[in-house]
Amino acid sequence: MMKIEKKLEELGVKLPEPATPVAAYVPFRRTGNLVYISGQDCKVNGELKYKGKVGKDVTEEEAYEAAKIAAINLLAILKSAVGDLDRVRQIVNLHGYVNSAAGFVRQPFVINGASEFLVEVFGEKGKHSRCALSCNELPFDTPVAIEMIVEVEA
Amino acid sequence: MMKIEKKLEELGVKLPEPATPVAAYVPFRRTGNLVYISGQDCKVNGELKYKGKVGKDVTEEEAYEAAKIAAINLLAILKSAVGDLDRVRQIVNLHGYVNSAAGFVRQPFVINGASEFLVEVFGEKGKHSRCALSCNELPFDTPVAIEMIVEVEA
Amino acid sequence: MMKIEKKLEELGVKLPEPATPVAAYVPFRRTGNLVYISGQDCKVNGELKYKGKVGKDVTEEEAYEAAKIAAINLLAILKSAVGDLDRVRQIVNLHGYVNSAAGFVRQPFVINGASEFLVEVFGEKGKHSRCALSCNELPFDTPVAIEMIVEVEA
Numbered sequence: 113m114m115k116i117e118k119k120l121e122e123l124g125v126k127l128p129e130p131a132t133p134v135a136a137y138v139p140f141r142r143t144g145n146l147v148y149i150s151g152q153d154c155k156v157n158g159e160l161k162y163k164g165k166v167g168k169d170v171t172e173e174e175a176y177e178a179a180k181i182a183a184i185n186l187l188a189i190l191k192s193a194v195g196d197l198d199r200v201r202q203i204v205n206l207h208g209y210v211n212s213a214a215g216f217v218r219q220p221f222v223i224n225g226a227s228e229f230l231v232e233v234f235g236e237k238g239k240h241s242r243c244a245l246s247c248n249e250l251p252f253d254t255p256v257a258i259e260m261i262v263e264v265e266a
Numbered sequence: 113m114m115k116i117e118k119k120l121e122e123l124g125v126k127l128p129e130p131a132t133p134v135a136a137y138v139p140f141r142r143t144g145n146l147v148y149i150s151g152q153d154c155k156v157n158g159e160l161k162y163k164g165k166v167g168k169d170v171t172e173e174e175a176y177e178a179a180k181i182a183a184i185n186l187l188a189i190l191k192s193a194v195g196d197l198d199r200v201r202q203i204v205n206l207h208g209y210v211n212s213a214a215g216f217v218r219q220p221f222v223i224n225g226a227s228e229f230l231v232e233v234f235g236e237k238g239k240h241s242r243c244a245l246s247c248n249e250l251p252f253d254t255p256v257a258i259e260m261i262v263e264v265e266a
Numbered sequence: 113m114m115k116i117e118k119k120l121e122e123l124g125v126k127l128p129e130p131a132t133p134v135a136a137y138v139p140f141r142r143t144g145n146l147v148y149i150s151g152q153d154c155k156v157n158g159e160l161k162y163k164g165k166v167g168k169d170v171t172e173e174e175a176y177e178a179a180k181i182a183a184i185n186l187l188a189i190l191k192s193a194v195g196d197l198d199r200v201r202q203i204v205n206l207h208g209y210v211n212s213a214a215g216f217v218r219q220p221f222v223i224n225g226a227s228e229f230l231v232e233v234f235g236e237k238g239k240h241s242r243c244a245l246s247c248n249e250l251p252f253d254t255p256v257a258i259e260m261i262v263e264v265e266a
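Protein chains in written order, with the numbering used here: chain A, 113 to 266; chain B, 113 to 266; chain C, 113 to 266.
Bound conformation, chain A alone (with noise of 0.2 Å):
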């Protein structure tokens, strides 16, 4: 059994079917080593597991949950680019979104939701260079969104 698939199923972590595109774009491009991975909300089977603002709506615990959400997410479309996940090189990059109520300034700790996920996993190569954001409003409501580059095997 692949690695990093067995470290996920260690983790009690089973890959939903990638996200189709709910517009005119595609989940994923790749150029060279590169895989770019379009923006992924918290969805669980196609509905969003947390709606609203972090620190109204939206506690920072769920907003943390909300994120390795996305991050799961991310991984199903990046498995989907590369068949193999232990084709992986490195997470080279990560924006994490937060749709903020006013006065929530702790965005990185939510992030750390996919980024922790992503270390768990990944081990050093899944450390990443990272801006941890906020956002008045996000789309359809998700509390967060991320997207990610990846560099993978030739």
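What the hints contain is simulated information worked out from the structure, not anything from laboratory work. It is possible that some hints are incorrect.
Copies of the same chain look alike in the list, so a pair counts if it works inside one copy or between any two.
What the hints assert, rightly or not - Below, in silico cross-link-like pairs of lysine-lysine (DSSO-like), each with a Cα-Cα straight-line distance of 27 Å or less:
hint, residue 1, residue 2
1, Lys118, Lys191
2, Lys118, Lys155
3, Lys237, Lys119
4, Lys126, Lys155
5, Lys126, Lys161
6, Lys191, Lys239
7, Lys168, Lys115
8, Lys191, Lys237
9, Lys237, Lys115
10, Lys118, Lys163
11, Lys126, Lys191
12, Lys191, Lys155
13, Lys168, Lys237
Since the structure of chain A is provided, determine the placement of chains B and C on it from the hints.
Same frame as chain A, now just chains B and C:
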């Protein structure tokens, strides 16, 4: 006549002069086969065609058109970068930022104004990974700003 | 003495120790010749020099300086990534995020604090593609956050 230029003509699109940055940066940078294009707004002949927040000052339909205009402005710069748009291999990634009124969560449909146009022009090569986002304000009150990364021939 | 280090000295800029991430990520990732640097704020000696929203708590002039500080913090990390800043081939791309009060739309002039500094230091190589954006909040209430992608010698 070049294929993509011909397609643009069929679509009734005339590329403008590439915009001069309003600040201390350049319209694009190329690294290897990738061209990074600076964020563009909905300027036509040097004036923003629309201004204000989508969902309040600007309708979704107008914002869709603003996104298309931004894509046209991106193509004008891309052409100045590569000379001939037939040298485009693929649109790799697009970030679309929507200046959103409180409660507006249909950013993906706005950014489709750019995405659908790129697919009309480039076909399969025009399909891109994407993130549609919201901002509480945008420079000079543009309703939409878009940036993109394009892979071109060596 | 190295050319860029000398230039920094002439400009009276002393690079700080590179910042330790406050969360589960790393300061940079390199893929091929590209170095992706994590978003930096206006910390000096571990404390944000400014706090709050530009156009309300922080003036445009202060925010311009905050952007320059963020650029200095990015260079500190870049130096730790490549050893010698003379190995920089070009600053490829910069994203500047401004924590904006309602109605503040002069983000490009704020981000010029970083852009003009990079051109002062690196000359032609310092000119970059760019997107200046607004956020309704930013981590720990920094007025400005900046991230960048740099091409370096093989």
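Structure-based check of each hint:
1. Lys118 with Lys191: For lysine 118 and lysine 191, only the intra-copy Cα distance (14 Å) is at most 27 Å; the inter-copy one is 38 Å.
2. Lys118 with Lys155: within (23 Å within a copy, 41 Å between copies)
3. Lys237 with Lys119: within (14 Å within a copy, 35 Å between copies)
4. Lys126 with Lys155: within (14 Å within a copy, 40 Å between copies)
5. Lys126 with Lys161: Close inside one copy (16 Å), not across copies (44 Å); limit 27 Å.
6. Lys191 with Lys239: both (18 Å within a copy, 19 Å between copies)
7. Lys168 with Lys115: neither (40 Å within a copy, 51 Å between copies)
8. Lys191 with Lys237: Answer is both: 16 Å inside a copy and 22 Å across each meet the 27 Å cutoff.
9. Lys237 with Lys115: Classified as within: same-chain Cα gap 13 Å, cross-chain 34 Å, threshold 27 Å.
10. Lys118 with Lys163: neither (31 Å within a copy, 45 Å between copies)
11. Lys126 with Lys191: within (12 Å within a copy, 40 Å between copies)
12. Lys191 with Lys155: within (17 Å within a copy, 38 Å between copies)
13. Lys168 with Lys237: neither (35 Å within a copy, 42 Å between copies)
Checked against the numbered hints given earlier, the structure breaks hints 7, 10, 13 and satisfies all the rest.
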